[in-house]
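Relying on the hints, combine the two individually framed chains into one complex.
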Amino acid sequence: NAGVTQTPKFRILKIGQSMTLQCAQDMNHNYMYWYRQDPGMGLKLIYYSVGAGITDKGEVPNGYNVSRSTTEDFPLRLELAAPSQTSVYFCASSGGVISAYEQYFGPGTRLTVT
Amino acid sequence: ELKVEQNPLFLSMQEGKNYTIYCNYSTTSDRLYWYRQDPGKSLESLFVLLSNGAVKQEGRLMASLDTKARLSTLHITAAVHDLSATYFCAVDGGAGGTSYGKLTFGQGTILTVHP
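Chains as they are written, first to last, in this note's numbering: chain A, 1 to 114; chain B, 1 to 115.
Hints are all accurate, no fakes.
With a straight-line cut-off of 30 Å between C-alpha atoms, the simulated DSS-like cross-links for lysine-lysine are:
1) A:K57 <-> B:K102
2) A:K44 <-> B:K3
3) B:K68 <-> B:K3
The set of hints was computed from the structure by calculation and includes no laboratory data.
The shape of chain B in the complex, shown without the other chains (with noise of 0.2 Å):
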C-alpha cells in the first residue's frame, strides 16, 4: 500500500525567510504532483513532476523529484503573505503509465507567512 507523507505538517514563516516542505512516499513511483488548496476552496494544481531528477519553477515555488530517494520537495523562497495556504504533495501509484491517476495524497502542509 503506497503511503505518502509530509512535513512538517504546520509551518510559520516570516516574510522574506525560505523554507521547504517535504513530500516522502513509500512505494515505486514516477509521477508526482503539488497542489495547493485555499481555506474553504478547492485544490489548485502547481507541478507535476514526471522524471528523477526533475525540477520545476514558478515565481517563489521551486519543486523537485528525486525517485531514488522516492522524495520530493517544496521550496519557498523569500516568503509573502500571499503564499499562505495548505499544500499537498500526491503520488500517482502506478508506474508506467498504468494507474490512470489514482492519486494517494499526503496529510497536507498547512503554511502560514507572518509580516
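If we strip away everything but chain A, and leave its shape as in the complex, we get (with noise of 0.2 Å):
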C-alpha cells in the first residue's frame, strides 16, 4: 500500500514551458486534491475532484488544468509556466465524509520556473 504518489519530486521549467505534475493514490478514495505551498507559507488549494469525472476549482486555480479520469490519478497540468508558479506541489486524497474528510498527502514535487 503505496498511500499517495508523486512524480517528479523536482522540476525546473523554463518560463513559457507547460508540464504535467502526477499523482496516484491506491486507497480507493473518491476525494483528490491539489495543493501549492510557497515557502513559509501553509497550503493552498488549486484544484480538487469528488470522483472520476468531476473537478471543481479551489482558492487559486489559475495558470492550471486538471483531468481525473480514474478513481486513482489525478494529474495536474500547468500551462505557460510562470515565475510565480515556483513553488512545493501536493496532492492529497480523503475517503469523504465517512473519513471525515481526513486528507492523506503525497511526499510533493518541488518546482522551480526560472
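Spelled out as C-alpha cells, the structure:
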C-alpha cells in the first residue's frame, strides 16, 4: 500500500514551458486535491475532485488544469509556466465524509520556473 | 472568505516546558485539522476535530476545538526535541458536509525545542 505517490520529485521549467505533475493513490479514495505551498506559508488549494470525471476549482486555480479519468489518478497540468508558479505542489486524497475528510498527502513535487 | 490565523508563528521552547499554539478562524466550521510538517517533507495528520468541545490527545500533544469562539488550541506538554517541526491547522470551509474537504490552512507555527 503506497498511499499517495507523486512524480517527479523535482523539476526545473523555463518560462512558457508546460508540464504535468502526476499523482496517484491506491486507497480507493474518491476525493483528491492539489495544493501549492510557497516558502514559509501554509498550503493553498488549487483544484479538487470528488470522483472520476468531476473536478472543481479551489482558491488559486489560474494557470492550472486538472482531469480525473480514473479513481486512482489526478494529474495537474501547468500551461505556460511563470515564475509565480515556483512552489512545492502536494497532492492529497480523502475517503470523504465517512472518514471526516481526513486527507493523506503525497511527498510533494518541488517546481522551479526560471 | 474563510481566514485562518495561527499564533505564534515562531516558537522556541526549552525541553520540558509547556506551551500552546492557537488557531483562530473567521467563519463557521465544524471540522478542524492539525498537521505536522518536518523540513522538506510532506504533511502528517495529527488530529481531526469534529465538534464543539472536542479534545484529542496523542503523546505530548493535545488539541481542542471551541466552535463558538472559532478557536482551536494545540497544547504541548513537557516538550522534547523530537517535537521540533512546523504545525499547521486547517479548517474545512463548509458546514454539514457540504465543502468536500476543501481546506484553508493557517500560516504554520515553526516550533523549535532546545535542550
